[in-house]
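Colleague: Listed here are the chains, written in short residue letters.
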Amino acid sequence: GAVVSQHPSWVICKSGTSVKIECRSLDFQATTMFWYRQFPKQSLMLMATSNEGSKATYEQGVEKDKFLINHASLTLSTLTVTSAHPEDSSFYICSARVLATSVYRYNEQFFGPGTRLTVL
Amino acid sequence: AQKITQTQPGMFVQEKEAVTLDCTYDTSDQSYGLFWYKQPSSGEMIFLIYQGSYDEQNATEGRYSLNFQKARKSANLVISASQLWDSAMYFCAMRDPYNQGGKLIFGQGTELSVKP
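So the sequences go chain by chain: A and B. Number 213 in the working numbering belongs to position 15 of the first sequence; there are no gaps in the numbering. Number 850 in the working numbering belongs to position 96 of the second sequence; there are no gaps in the numbering.
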C-alpha cells in the first residue's frame with residue numbers, strides 16, 4: 199500500500215511551547231489529509247480535514263487557533279500544537295486519502311505511524 | 755448523523771479458532787463504505803478489509819472476512835484461524851459520503867487477545 203510518514207514519532211516538550219508534527223505521503227500525492235487524536239484505550243477522534251491549498255476544516259469542538267494545520271503541498275501537511283499544555287498530551291495520527299485507481303480499488307486512507315506528544 | 759458502534763470492549767479467543775468482532779452502524783445515506791482497521795500496540799493503523807454499501811458479496815481478504823448484513827446495518831469482522839499476532843485493537847469505521855470529504859468515523863474499538 200501507499201506509505202505515509204510522520205515526524206517526529208515522539209516528542210516531549212515543556213508547557214507553553216509549540217510543537218510541529220509533519221505528515222508526508224511518500225509515494226503518492228494526497229489532496230486530502232486527515233488529522234486524528236487518540237487517547238489511551240480510546241478510539242480515533244477526527245480533529246480536522248486538510249485540503250491542499252485551502253484552509254482546513256475543523257471538527258466541532260476543536261480549537262482552530264490551538265491546532266494549526268497547513269497543507270502547503272500535495273505531499274505534506276503539518277499540525278502545530280500551539281502553547282501546548284499537559285492536557286494536549288496524546289497520540290496524534292495523520293492519514294492521507296488515495297483516490298480510487300486501478301492500483302487502489304477504493305478510496306482508502308493510509309495512516310501514518312503516529313506521533314506521541316507528551317507535555318510536561 | 756453517522757454513527758459506528760462496537761459493543762465488545764474486549765474479546766478473548768484461543769489460537770487457531772475463529773472470532774467475530776461486532777460492528778453496527780447508523781446512517782441515512784444509501785452510498786457508504788465500511789472499513790476495518792487493526793491497531794497493534796505500536797500504534798499504526800493497518801487496513802484490513804473494505805465493504806461498499808452496494809457490494810452484493812461479502813468482502814474477504816485472506817483470513818479476514820466481513821459479514822455484511824445491510825438490513826440489520828451490521829458489518830462484523832470474522833478472523834479465521836486466529837494467530838498470536840492478531841492480538842491488537844480492532845476498529846470498525848464508516849466513510850462519510852463524498853460530499854463530506856470522505857472522512858472516516860470510527861467505532862470505540864475492540865481489544866482482541868489471542869491465547870496460546
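No lab work stands behind these hints: they were computed from the structure. Using N, Cα and C, we set each Cβ at its ideal position, and we do this for glycine too. Mixed in with the good hints there might be a few duds.
[What the hints assert, rightly or not] Some chain A residues well away from chain B (every beta-carbon gap over 12 Å; in silico):
| hint | residue |
| --- | --- |
| 1 | His205 |
| 2 | Gly214 |
| 3 | Thr215 |
| 4 | Gln236 |
| 5 | Lys239 |
| 6 | Gln240 |
| 7 | Ser241 |
| 8 | Thr255 |
| 9 | Leu266 |
| 10 | Ala270 |
| 11 | Ser271 |
| 12 | Pro284 |
| 13 | Glu285 |
| 14 | Arg314 |
| 15 | Val317 |
[Said to hold, decoys possible] Taking lysine-lysine and the DSBU-like style, the derived pairs with C-alpha atoms no more than 30 Å apart in a straight line are:
| hint | chain 1 | residue 1 | chain 2 | residue 2 |
| --- | --- | --- | --- | --- |
| 16 | A | Lys264 | A | Lys253 |
| 17 | B | Lys757 | B | Lys827 |
| 18 | A | Lys253 | B | Lys770 |
| 19 | A | Lys262 | B | Lys869 |
| 20 | A | Lys253 | A | Lys212 |
| 21 | A | Lys264 | A | Lys212 |
| 22 | A | Lys239 | B | Lys869 |
| 23 | B | Lys827 | A | Lys239 |
| 24 | A | Lys218 | A | Lys253 |
| 25 | A | Lys264 | B | Lys757 |
| 26 | A | Lys218 | A | Lys239 |
| 27 | B | Lys770 | A | Lys239 |
| 28 | B | Lys824 | A | Lys239 |
| 29 | A | Lys262 | A | Lys239 |
| 30 | B | Lys757 | A | Lys239 |
| 31 | B | Lys770 | B | Lys869 |
| 32 | A | Lys239 | A | Lys212 |
[Claimed, not checked] Partial selection, computed: residues in chain B whose CB lies under 8 Å from chain A:
| hint | residue |
| --- | --- |
| 33 | Met799 |
| 34 | Leu802 |
| 35 | Phe822 |
Colleague: Each of the hints needs a verdict: does it hold here or not?
Modeller: Against the structure, the hints:
Chain B leaves A:His205 outside its interface by the beta-carbon criterion, the shortest separation being 14 Å against a cut-off of 12 Å. With a minimum CB-CB distance of about 26 Å to chain B, A:Gly214 clears the 12 Å threshold, and the non-interface call stands. Annotated as non-interface, A:Thr215 keeps its C-beta farther than 12 Å from every C-beta of chain B; the closest such distance is 23 Å. The beta carbon of A:Gln236 is not kept farther than 12 Å from every beta carbon of chain B, the shortest such distance being approximately 8 Å.
Remark: the non-interface label on A:Lys239 conflicts with the geometry, its nearest Cβ contact in chain B lying 8 Å away (cut-off 12 Å). Its closest Cβ contact with chain B, about 8 Å, brings A:Gln240 to no more than 12 Å, contrary to its assignment away from the interface. At the 12 Å boundary, the C-beta of A:Ser241 falls inside the reach of chain B, the nearest C-beta of that chain being 5 Å off. A:Thr255, annotated as away from the interface, has a beta carbon of chain B within 12 Å; the closest lies near 7 Å.
The beta carbon of A:Leu266 is kept farther than 12 Å from every beta carbon of chain B, the shortest such distance being approximately 19 Å. Remark: the non-interface label on A:Ala270 is consistent with the geometry, its nearest Cβ contact in chain B lying 18 Å away (cut-off 12 Å). The non-interface label for A:Ser271 is consistent with chain B: the shortest C-beta to C-beta separation is roughly 18 Å, beyond 12 Å. With a cut of 12 Å on Cβ distances, A:Pro284 stays outside the contact zone with chain B, its closest approach being about 20 Å.
For A:Glu285, the non-interface assignment is confirmed: its Cβ lies about 20 Å from the closest Cβ of chain B, beyond the 12 Å cut-off. Distance check for A:Arg314 against chain B: the nearest CB is about 7 Å away, which does not clear 12 Å, and the non-interface claim fails. For A:Val317, the non-interface assignment is confirmed: its Cβ lies about 18 Å from the closest Cβ of chain B, beyond the 12 Å cut-off. Simply put, A:Lys264 and A:Lys253 have alpha-carbon atoms about 15 Å apart, close enough for the 30 Å limit, and the pair holds.
Between the alpha carbons of B:Lys757 and B:Lys827 the distance comes to roughly 11 Å, so the proposed pair stays at or under 30 Å and holds. Between A:Lys253 and B:Lys770, the direct Cα distance comes to roughly 49 Å. Violation of the 30 Å bound is thereby established for this hinted pair. A C-alpha spacing of about 44 Å is found between A:Lys262 and B:Lys869, which places the hinted pair above 30 Å, so the restraint is violated. Using a Cα cut-off of 30 Å, the hinted pair A:Lys253 and A:Lys212 holds, with the two alpha carbons roughly 28 Å apart.
Restraint check for A:Lys264 and A:Lys212: the C-alpha separation of about 16 Å stays at or below 30 Å, so the hint holds. The straight-line distance between the Cα atoms of A:Lys239 and B:Lys869 is roughly 20 Å, inside the 30 Å bound, and the hint therefore holds. For the hint linking B:Lys827 to A:Lys239, the alpha-carbon distance of about 25 Å falls within 30 Å, and the restraint holds. Distance check on the hinted pair: A:Lys218 and A:Lys253 sit about 17 Å apart at the alpha-carbon level, within 30 Å; holds.
Under the criterion of a C-alpha separation no larger than 30 Å, the hint pairing A:Lys264 with B:Lys757 is consistent with the structure, at around 27 Å. Under the criterion of a C-alpha separation no larger than 30 Å, the hint pairing A:Lys218 with A:Lys239 is consistent with the structure, at around 24 Å. Only pairs whose Cα atoms come within 30 Å are accepted, and B:Lys770 paired with A:Lys239 is accepted, the gap being roughly 26 Å. A threshold of 30 Å between alpha carbons decides the hint, and for B:Lys824 with A:Lys239 the separation of about 29 Å falls inside it, so the pair holds.
Note on A:Lys262 and A:Lys239: the hinted pairing holds, with a Cα-Cα distance of about 25 Å set against a maximum of 30 Å. For the suggested pair B:Lys757 and A:Lys239, the alpha carbons sit about 19 Å apart, so the restraint of at most 30 Å is met. A hinted pair counts as satisfied when its Cα atoms are at most 30 Å apart, and B:Lys770 with B:Lys869 qualifies at roughly 9 Å. Taking the CA atoms of A:Lys239 and A:Lys212, the gap is near 25 Å; set against the 30 Å cutoff, the hint holds.
Given the 8 Å rule on beta carbons, the hint for B:Met799 holds: about 4 Å separates it from the nearest Cβ of chain A. Hint status for B:Leu802 relative to chain A: violated, with the closest Cβ pair at about 11 Å, above 8 Å. At about 14 Å, the closest approach between the beta carbon of B:Phe822 and any beta carbon in chain A exceeds 8 Å, and the interface hint on this residue is violated.
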